[in-house]
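**Q** Taking our numbering, the leading residue of the sequence shown gets 303, the next gets one more, and so forth.
Honestly, the hints are just simulated from the structure, not real lab data.
A portion of the hints provided could be inaccurate.
DSS-like mimics (lysine-lysine), calculated; alpha carbons at most 27 Å apart, straight line [to be verified]:
no., residue 1, residue 2
1, Lys448, Lys435
2, Lys348, Lys385
3, Lys368, Lys352
4, Lys378, Lys311
5, Lys352, Lys378
6, Lys448, Lys311
7, Lys430, Lys352
8, Lys432, Lys311
9, Lys348, Lys368
10, Lys385, Lys432
11, Lys430, Lys311
12, Lys311, Lys385
13, Lys353, Lys398
14, Lys353, Lys435
Small disclaimer: the values here were computed from a predicted structure and weren't measured.
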Amino acid sequence: MRLIFDQRKEIGNEEIYRVSNFNCIYEADLFEDDSLNIESLNDVFKNTLKKFIFHLDESERENFQKEMQTESIGYKVFNFGRKNIFIVIDSISIEKVPYIINLFYNISIENTVAIICLGEEITFEFEKIKGNKITEYLFGECWIPKCTLAPLSACAFIRYDGALLTIVSNDFLIGEQSDCMF
């Protein structure tokens, strides 16, 4: 089965996913079957995956570090305190792409921020979201990645507990005709 993409005019949830310098937004409903979704994501992103950014809770950090050592994958940690830890994997070998896509899918269906960067260079910075004082006192500051797309690049994320794949593009050709429909 192929993913069927519809073009959109705006990104939903702009408070969580901030992307600039784009000209197209595509969305596709994912399937009920997790293994079919992972297979479809591998087909669409197989030769274009450049970077992976995701949020990690402090309680998961030690397990994650062990897993990355086992998989021989390098990463950078951006720690803004408390529940504001982001991991960036920016050197992804072809053999590790299926592993990264599986990780992307499994993190995303838990409603955690996870972004795949595709194509040419994408720059990112972390931005603090203004919250109310009670929330900041209880949970600390809230930071999110803000991606700036270069020409011929895109970023992808999954929302709504694994139901919707969103790809934000700057003139980037997504997949091959056999992998998805627009």
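**Q** Each of the hints needs a verdict: does it hold here or not?
**A** Results for each hint:
1. Lys448 with Lys435: Holds, because 23 Å separates the two Cα atoms, which is no more than 27 Å.
2. Lys348 with Lys385: 31 Å, violated
3. Lys368 with Lys352: 22 Å, holds
4. Lys378 with Lys311: Measuring from Cα to Cα gives roughly 33 Å; hence the hint is violated.
5. Lys352 with Lys378: 14 Å, holds
6. Lys448 with Lys311: Judged against 27 Å, a Cα distance of about 19 Å means the pair holds.
7. Lys430 with Lys352: Holds - the C-alpha atoms of Lys352 and Lys430 are around 25 Å apart, at most 27 Å.
8. Lys432 with Lys311: 25 Å, holds
9. Lys348 with Lys368: 25 Å, holds
10. Lys385 with Lys432: Holds: Lys385 and Lys432 sit about 15 Å apart, inside 27 Å.
11. Lys430 with Lys311: 25 Å, holds
12. Lys311 with Lys385: 32 Å, violated
13. Lys353 with Lys398: 12 Å, holds
14. Lys353 with Lys435: 34 Å, violated
In this structure, the earlier hints numbered 2, 4, 12, 14 are contradicted, and the remaining ones agree with it.
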